[in-house]
Structures are given as C-alpha cells and as structure tokens.
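Q: In our numbering, the protein residues as written are 229 to 389.
Mixed in with the good hints, there may be bad ones.
Unchecked claim - Computed cross-link-like contacts, DSSO-like style, restricted to lysine-lysine with a CA-CA straight-line distance of at most 27 Å:
| hint | residue 1 | residue 2 |
| --- | --- | --- |
| 1 | 347 | 328 |
| 2 | 366 | 244 |
| 3 | 304 | 244 |
Source of the hints: derived by calculation from the structure; they are not laboratory data.
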Amino acid sequence: MLSQEALRKIDREVSKYPADQKQSAVMAALAIAQDEKGYLAQETIAAVADYLGMAPMAAFEVASFYNMYDLSPVGKHKLTICTNLPCALSGGVHAADYLKQKLGIGFNETTADGLFTLKEGECMGACGDAPVLLMNNKRMCSFMTTEAIDKLLGELRELKS
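Let the hints inform the model, and build the full structure from the sequences given.
A: In structure tokens, the structure reads:
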C-alpha cells in the first residue's frame, strides 16, 4: 500500500515518541501517506492505522477533522485561501473571488485539467500578511493581490510541462 520510502519516513516520525505510543505519529503518518498518494482514500487511512497499531476509525477521525487532509482526489496544486475575518478585512474575500473567476471553479472544486483545487481556509496565523494562501499545505503565500495571484498561477501552470 505505502512505499518503503514512505514507511521509512513514518518510522522516523514514530521514533520521536515512546515505543508504546506509536499512535502519536498519526498526523505525520497521514501527511506522509497523502504526499505519496495524492489524497487519503479509506484504504490508505486503514493502512496507516494498521501500521501504527490503531483502529482505522481513530485514524479516520484525525483525517476528517483537519482540513489539511484530503479525503478525495484534489488537483496537482491545492490552493487554500484564508477568508477568516482578519484576512477578509484585508482582501481575502476579494482574493478568493478573483481565484474563482481566474480558475473558473468554486470552493471544493477542481479545474477540468486537474491542475488546481480551490479550498477555503480558516486562520493560518499570518494575519499581518493578509490575504494569505496556502499551496499544497506546504507553501505560505502572503499579500495575495490580483497581481501576485496571476504570477503564482502562471508559475504553477509552467510547472505542468
């Protein structure tokens, strides 16, 4: 189900906890599995749970609670735009509307070419940099004006080839 490389990474995370508390690494293990598979299918969540010696439902509860985990396929580039109040007051809603218009999709939708998925996010802890966007749960993009959005989308489209 998971590659030896993914299991090695999970083992490294497990090693950070006492031997009888492997389950403590569930968040990191789910992130590693998602990075490898693209999203967390039920079978993937069950495989992670089995590897950590926990009930699949317990791992699913974690995966379904946090918005960084995707339970269905997403585009190559998942863009999560913060629309929480501080970002909203500083252009977050405008940035979200601009992204919807530029991509031709709404929140929780993926472009027809499978390149972009747009998500609405809660506070990302960067209110002073608003509006902010999180790309693929890894890269924080600050001050997302329409110009900055156009530049980012252009860069990401170039990565396609």
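Q: Would you list, in rising numerical order, the hints stated earlier that this structure does not obey?
A: 3
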